[in-house]
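Asks: One letter stands for each residue in the lines below.
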Amino acid sequence: QQPVQSPQAVILREGEDAVINCSSSKALYSVHWYRQKHGEAPVFLMILLKGGEQKGHDKISASFNEKKQQSSLYLTASQLSYSGTYFCGTVGLSGTYKYIFGTGTRLKVLA
Amino acid sequence: DAGVIQSPRHEVTEMGQEVTLRCKPISGHDYLFWYRQTMMRGLELLIYFNNNVPIDDSGMPEDRFSAKMPNASFSTLKIQPSEPRDSAVYFCASSLPLEIEQFFGPGTRLTVL
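So the sequences go chain by chain: A and W.
Note that the numbering used here has the first sequence beginning at 1, numbered continuously upward.
Note that the numbering used here has the second sequence beginning at 1, numbered continuously upward.
For the record, the hints were derived by calculation from the structure and aren't laboratory data.
Just so you know, nobody snuck in bad clues.
Keeping only pairs whose Cα atoms sit at most 35 Å apart, straight-line, the calculated DSBU-like set for lysine-lysine is: (1) Lys108(A) <-> Lys67(A); (2) Lys98(A) <-> Lys24(W); (3) Lys37(A) <-> Lys24(W); (4) Lys37(A) <-> Lys67(A); (5) Lys78(W) <-> Lys26(A); (6) Lys50(A) <-> Lys24(W); (7) Lys37(A) <-> Lys108(A); (8) Lys37(A) <-> Lys68(W); (9) Lys26(A) <-> Lys68(W); (10) Lys68(A) <-> Lys26(A); (11) Lys50(A) <-> Lys68(W).
Which stretches of chain W does chain A cover? Using the computed rule of at least three CB atoms under 8 Å from a CB of chain A, they are: (12) 48-62; (13) 105-113.
Just a sample of chain A residues kept apart from chain W, beta carbon distances all over 10 Å, derived: (14) Pro7; (15) Ala18; (16) Val19; (17) Gly51; (18) His57; (19) Lys59; (20) Lys68; (21) Ala111.
Since we're looking at a predicted model, the values are computed, not measured.
Where is the CB? At the ideal position from N, CA and C, for every residue including glycine.
The shape of chain A in the complex, shown without the other chains (with noise of 0.2 Å):
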């Protein structure tokens, strides 16, 4: 049940690109990002709803296809600060408020 997140992990260059995937069996109602770095608690990035919609705020934008029940994270012109493991949660359509973490993606930005 537990969302699946690709790659695993990833090594970039300052100024690359990177996508991150989370992938449901079931069907979602929302899905949430975060990042956490090493040795500290998970900081939000984004909510995405029911509805299909694309969010972004600077370099970091996401979008939601809830027929394919997945969720994309992309990393534009990635920073040195981008350096952590990300995250998605997931909410399920049915039952009460279930509320499941992925796998998680391990990301490396290199100077």
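Fit chain W to the given chain A structure using the hints.
Replies: Just chain W now, kept in the frame of chain A:
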């Protein structure tokens, strides 16, 4: 605001001992969540409260785990008796309405010997 406060930040205990983790959510937040993070299982939702009432505790691993929220500004997660496999980082998070961002506390790193 000081953010979500958790205590202790680190806890080392021996198998069989009782462990109590504490959390103070952000003032005015209606929702409180307890998570556990391990390398093997990632981030798992254990339980969450709305207005001090437990809504979903299906993530609580077994009867050794219990959580309470006696008032809007305090919650505890208790493990009794503790086992080595309970070693993990435990996060508390709070939020306003559900579909708003969750603010995580710094976490409690628990080691059970």
